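*Asks:* Protein chains in written order, with the working numbering: chain Z, 1 to 65; chain P, 66 to 130.
What the hints contain is simulated information worked out from the structure, not anything from laboratory work.
Just to be clear, a hint being listed does not mean it is correct.
As the list claims (entries may be wrong) - The list that follows gives simulated cross-link-like pairs (lysine to aspartate or glutamate, EDC-like), each with its CA atoms no further than 16 Å apart:
id, chain 1, residue 1, chain 2, residue 2
1, P, Lys95, Z, Glu14
2, Z, Lys56, P, Asp116
3, Z, Lys60, Z, Asp49
4, Z, Lys30, P, Asp111
5, Z, Lys56, P, Glu68
6, P, Lys121, Z, Glu3
7, P, Lys125, P, Glu109
8, P, Lys125, P, Glu80
9, P, Lys121, Z, Asp51
10, Z, Lys60, Z, Glu3
11, P, Lys95, Z, Asp46
12, Z, Lys30, P, Asp114
These numbers come from a predicted model, not from an experiment.
2 protein chains.
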Amino acid sequence: MCESNAYVIRNGTEELVMESVGSLIPANGKITLKSIFGEIMYVEGDLIDIDLIGHKIRLKEHGGQ
Amino acid sequence: MCESNAYVIRNGTEELVMESVGSLIPANGKITLKSIFGEIMYVEGDLIDIDLIGHKIRLKEHGGQ
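One chain only, chain Z, in its complex shape (with noise of 0.2 Å):
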């Protein structure tokens, strides 16, 4: 399977936010995460980088560090 998992990073540091994440959709300023189990998670930030590979989503809040 290739979903990834999603991180906001806190304090420098990663905080898994969701696992299994099968879509990633930015829109008005937050980023919706779908799950492959039809979870959804709205984060209100930005989409730091994707590694496909890694299977890593890394994002980052509006006014965090």
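Starting from the known structure of chain Z, arrange chain P on it as the hints suggest.
*Replies:* This is chain P only, laid out in the frame that chain Z set:
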């Protein structure tokens, strides 16, 4: 393998711009795509969405439709 294909939406159609994308980095209004073969490409635009299960990255160019 979990790499994806990247498409730019032009005139309402999806044009394949890079196969086997291994990572994606948005910064300064540009999207940097790196393939698993070491190719690097820049798209002046924004990410529309990523479908990790369907292995599809969709981008929109600035000023594009």
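*Asks:* Against each hint, give a clear statement of whether it holds in the structure.
*Replies:* Hints, verified against the model:
1. P:Lys95 with Z:Glu14: violated (24 Å)
2. Z:Lys56 with P:Asp116: holds (14 Å)
3. Z:Lys60 with Z:Asp49: holds (10 Å)
4. Z:Lys30 with P:Asp111: Given that 16 Å is the threshold and the Cα spacing comes to 13 Å, the pair holds.
5. Z:Lys56 with P:Glu68: With Cα atoms ~12 Å apart, Z:Lys56 and P:Glu68 stay inside 16 Å; holds.
6. P:Lys121 with Z:Glu3: Judged against 16 Å, a Cα distance of about 12 Å means the pair holds.
7. P:Lys125 with P:Glu109: holds (8 Å)
8. P:Lys125 with P:Glu80: holds (11 Å)
9. P:Lys121 with Z:Asp51: holds (14 Å)
10. Z:Lys60 with Z:Glu3: violated (20 Å)
11. P:Lys95 with Z:Asp46: holds (13 Å)
12. Z:Lys30 with P:Asp114: Between Z:Lys30 and P:Asp114 the Cα gap is close to 12 Å, so the pair holds against 16 Å.
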